[in-house]
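Q: Protein chains in written order, with the working numbering: chain A, 1 to 313; chain B, 314 to 638; chain C, 639 to 979.
What the hints contain is simulated information worked out from the structure, not anything from laboratory work.
Here are the simulated lysine-lysine pairs, DSS-like style, with alpha carbons at most 30 Å apart:
1) A:K86 <-> A:K73
2) A:K61 <-> A:K73
3) A:K61 <-> A:K86
4) B:K364 <-> B:K374
5) A:K229 <-> A:K215
6) C:K692 <-> B:K532
7) C:K680 <-> B:K528
8) C:K680 <-> B:K532
9) B:K532 <-> B:K364
10) C:K724 <-> C:K680
11) C:K692 <-> C:K724
12) B:K528 <-> C:K724
13) B:K364 <-> B:K528
14) C:K724 <-> B:K532
Listing some non-contacts, in silico: residues in chain B with all C-beta distances to chain A over 12 Å:
15) R372
16) C381
17) L387
18) A390
19) D402
20) L419
21) L444
Think of the CB as a built atom: it goes at the ideal place given N, C-alpha and C, for glycine as much as any other residue.
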Amino acid sequence: MAQYLLGRLLVMIPTIFVLSVVLFVLMRLTPGSPLQPIAPNANPLSPEQQENLAREWGLDKPIAEQYLVYIAKAAQLDFGTSYVAKSRTVAEILGPTIPVSLHLGLMALVLAIVVGVSLGVMAAVYQNGPADYICTFVAMLGVSIPNFVMAVVLIGIFVLGLKAIPYTGGWETPVDWILPTITLALGPLAVIARYTRSSMIEAIRSDYVRTARAKGANERRVMLIHVLKNALIPPLTILGPLVAAVATGSPFVEIIFRVPGLGRYFVESVLGRDYPVIMAVFLFYGVFLQAMNLLVDLMYGVADPRIRFGGGE
Amino acid sequence: MVDIPRDVPGDIESAMAGEGVMASVPRSADAPAPWVAEPVVPRRRHVNLWKDAWRRLQRNKLAMAGLCGIVVLLFLATFANQLMPYDYDYQNFGNIGEPPSLEFPLGTDLVGRDMLSRMIYGARVSMSVALLSQLAILLIAVPIGAAAGYYGGWVDTLLMRIVDVFYAIPQLLLAILIMGILGRGLENLFIAIILTSWLTLSRQVRAQMLTLREKEFVKASRTAGASAFYIIVRHMLPNALSPIIVAVTFGIPQIIFAEAALSFIGVGINPPMPSWGQMVGEYQQYLRSNWHMAVFPAIAIALTMLSFTFLGDGLRDALDPRMND
Amino acid sequence: MIESAPRVGSGRDATDDNLLIVDDLVKHFPIRAGFLGTTIGKVHAVDGVSFALKRGEAFGLVGESGCGKTTLAQTVIRLYRPDSGKIVFDGTDLSPLSASQLRPIRRQIQMIFQDPYASLDPRLTVGGIIGEPLEIFGIGSRPERLERVRELLRIVGLHDYMINRYPHEFSGGQRQRIGIARALALNPDLVICDEPVSALDVSIQAQVLNLLRDLQADLGLTYLFIAHNLAVVAYVCDRIGVMYLGKLVELGDTDVIITRPRHPYTQALRSAVPIPTPGLKKQRTVLMGDVPSPVAPPSGCRFRTRCPIARPACADEIPPLREIDPGHWVACLYAEETGGS
Chain A
1 MAQYLLGRLL VMIPTIFVLS VVLFVLMRLT PGSPLQPIAP NANPLSPEQQ
51 ENLAREWGLD KPIAEQYLVY IAKAAQLDFG TSYVAKSRTV AEILGPTIPV
101 SLHLGLMALV LAIVVGVSLG VMAAVYQNGP ADYICTFVAM LGVSIPNFVM
151 AVVLIGIFVL GLKAIPYTGG WETPVDWILP TITLALGPLA VIARYTRSSM
201 IEAIRSDYVR TARAKGANER RVMLIHVLKN ALIPPLTILG PLVAAVATGS
251 PFVEIIFRVP GLGRYFVESV LGRDYPVIMA VFLFYGVFLQ AMNLLVDLMY
301 GVADPRIRFG GGE
Chain B
314 MVDIPRDVPG DIESAMAGEG VMASVPRSAD APAPWVAEPV VPRRRHVNLW
364 KDAWRRLQRN KLAMAGLCGI VVLLFLATFA NQLMPYDYDY QNFGNIGEPP
414 SLEFPLGTDL VGRDMLSRMI YGARVSMSVA LLSQLAILLI AVPIGAAAGY
464 YGGWVDTLLM RIVDVFYAIP QLLLAILIMG ILGRGLENLF IAIILTSWLT
514 LSRQVRAQML TLREKEFVKA SRTAGASAFY IIVRHMLPNA LSPIIVAVTF
564 GIPQIIFAEA ALSFIGVGIN PPMPSWGQMV GEYQQYLRSN WHMAVFPAIA
614 IALTMLSFTF LGDGLRDALD PRMND
Chain C
639 MIESAPRVGS GRDATDDNLL IVDDLVKHFP IRAGFLGTTI GKVHAVDGVS
689 FALKRGEAFG LVGESGCGKT TLAQTVIRLY RPDSGKIVFD GTDLSPLSAS
739 QLRPIRRQIQ MIFQDPYASL DPRLTVGGII GEPLEIFGIG SRPERLERVR
789 ELLRIVGLHD YMINRYPHEF SGGQRQRIGI ARALALNPDL VICDEPVSAL
839 DVSIQAQVLN LLRDLQADLG LTYLFIAHNL AVVAYVCDRI GVMYLGKLVE
889 LGDTDVIITR PRHPYTQALR SAVPIPTPGL KKQRTVLMGD VPSPVAPPSG
939 CRFRTRCPIA RPACADEIPP LREIDPGHWV ACLYAEETGG S
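All chains, please: the whole structure from these sequences, using the hints.
A: So, in structure tokens, the structure goes:
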């Protein structure tokens, strides 16, 4: 197990390193970014401000040092001052948005997992029953329809049609949480449901279940425990990509429902060419997703006894 | 020392499995007892593997529905100029933000442009971006993936490391970044989409190649003196065709989604060129007052992606068991 | 047919009629683990094997799964590059050659593969499969190739109508014949048969083996015949070599190996062959234990962990392949005592 984790860690570190280098190079090449502020009119700063910036980021020093300056600052969460809101630092701006996005993302993920797994299990146990059709239908929708399209549909039904939810949006009251969470959860829900269903079906049809039945295992419930324990392990492997999917989906949901989250600020910074913010958000996403992947791998390592007790050939 | 009876005629199996030629097959006088004969191979008309798959696809109603949808889209896209009642950027300030009417069947937007025309042209934009990008991705990803899978070595390691790095950041976010740097517009959109999407297909092709490389018929070809190129083109790619086709069919809605998403945010297609995603993005804030401006493009996106997904699912089922022998 | 002894190390001139000389051939496969791909061990698939084939003879290699015979076959035909040793075919050493240098020689060495279900490309027609070698070397025009394919089909006992059919329409035995037809397309001198009947039903095995024997007689082929069934090898071959864990342990004429095997392993193999004489009691030598892993083979004689006559000395030195009788070579320190039964 320790070996497995060590292996995972050893892949993670060079990946983050390469990511930071790629970002560094991109930013260096982009006229107007703090790492290359020379192009006139490329960003909203005055010439002296640009010179100050150049000195701060060490642009007169050799490239390797520039990179180190960049990394050192990033480690201290110093990403400079926003180009757009010139009086505030990036950290100040993004600080409050991260908890919001985490909150939304977590709720969406939990919803997706709970509903998705239940749906998948039901669909597999009662194959070709109503649950199965709902599951397939939802899976199809979730995979094919982008979440911002779904948001429009949901708003149309629940806000405008049924008038069940106020039109304001935002993130103030719990009522505001409902639609964004559902919208963000739908895609991952569909994937989880599909995956759980096929994993369950495979477990149900497997030899060890047939043996248990032949032995006369009394209750279906007991068998379900056998089956569930094994069937729920493969879906764990997609948790990593699922977190990434939630992270990718959140900008769109946040924009439509006016949620003050990280994703929305990311988009605004891209539109406004606010490069310090862009760099910070990107680095954050990269590190965050890698950390989440590692966590998921840890959980998977604990859950799958083959890894927990060391595999061997 | 062990010996084996020699009187079993060599052509008994062809005699049992043949059709129509049976009368002319010489049977040896000492034809053995039936238990020595081979199991009979069922008669089969000359099968064409593709026709088989097509027949199976036709039985899948959802897939056929998807195919129809795609045909309609292609029709709209090709004949957009003939079908549009107005120019897509013709602004009629007398009819701003009007709901659907006889004159403007899908209503007008905030600067008086006819929604129907813009929707039709949007079909052309979506289709061309999707199909052309996917073609480019195919032309890039397949050779690279095939080379990595077949030759292994440093080409393969390099590819896999690149894949690992790109895997760290979600495709869409990366595309947003690239468009942010390059700026809006059709050409930049192609670049961003192709750059972020070719890796997945490449990885799949590589995986296919890795499996096929160890197959005995590939080894047989090598012993017959075939060059790597010959083997890849003649043996491996045709056998990898079905997964590639399925991957391409699923890749197209992903590109449509990417274009819609990027345009929704505002870093995609440049107005006034119509893009469904861009329309949803711009008009979603007006849902209460002018619902038609955002709803129609949203529905269009949904239907398009559904069509391709249905077809992709159907193709995957139709191609799967039969073609892999 | 009396043999030519496997002489290790000396170069041979092209004037003798050895078509193939394998000289101390070694092929290991590295085991890589981890993301950096570091090598943590080696599979000793072929560990110094030497023998020679005369033109026109059928030489059999027999041994259990994992003993390295298939690897040996695939290395001889240069699907792999040997780690060391020589493969001298018709006077030319194949081991250092590049792919393009090998190409013209490939016309003379062909292979019949084990799995009739995997060795034919499911996407090609039977005609396409058989004609592929001709197409690769650009031999003849299309009609000429078609005619040659028809001829080959007839030689192996199949019918013309099969040309436009696909492999999956035929049975295992027929598919194996297609594979044989393909191997013969270029008129090779040497045909390597890698377990050609192992995947077939027993009744079909007989037919295919007979076909192979007939073809050898009619076309003057030289066979390197590989199998795990001693009876099968005995039926087709003039001389037999027995392999165990990457090394040759016994080598000699077929009737010698069958009637008077000296190596304990060969004796065990031979005792396992069923003899259809009811009432005959024979001595069955049952080997204990499992085959050791080729990653870490036992020191000294590799068979000592399962050998009924193993002594302490067997662990110290690797027994050399020595000529115990004219033309009969054994790799056992105590071969004199085994007195073949």
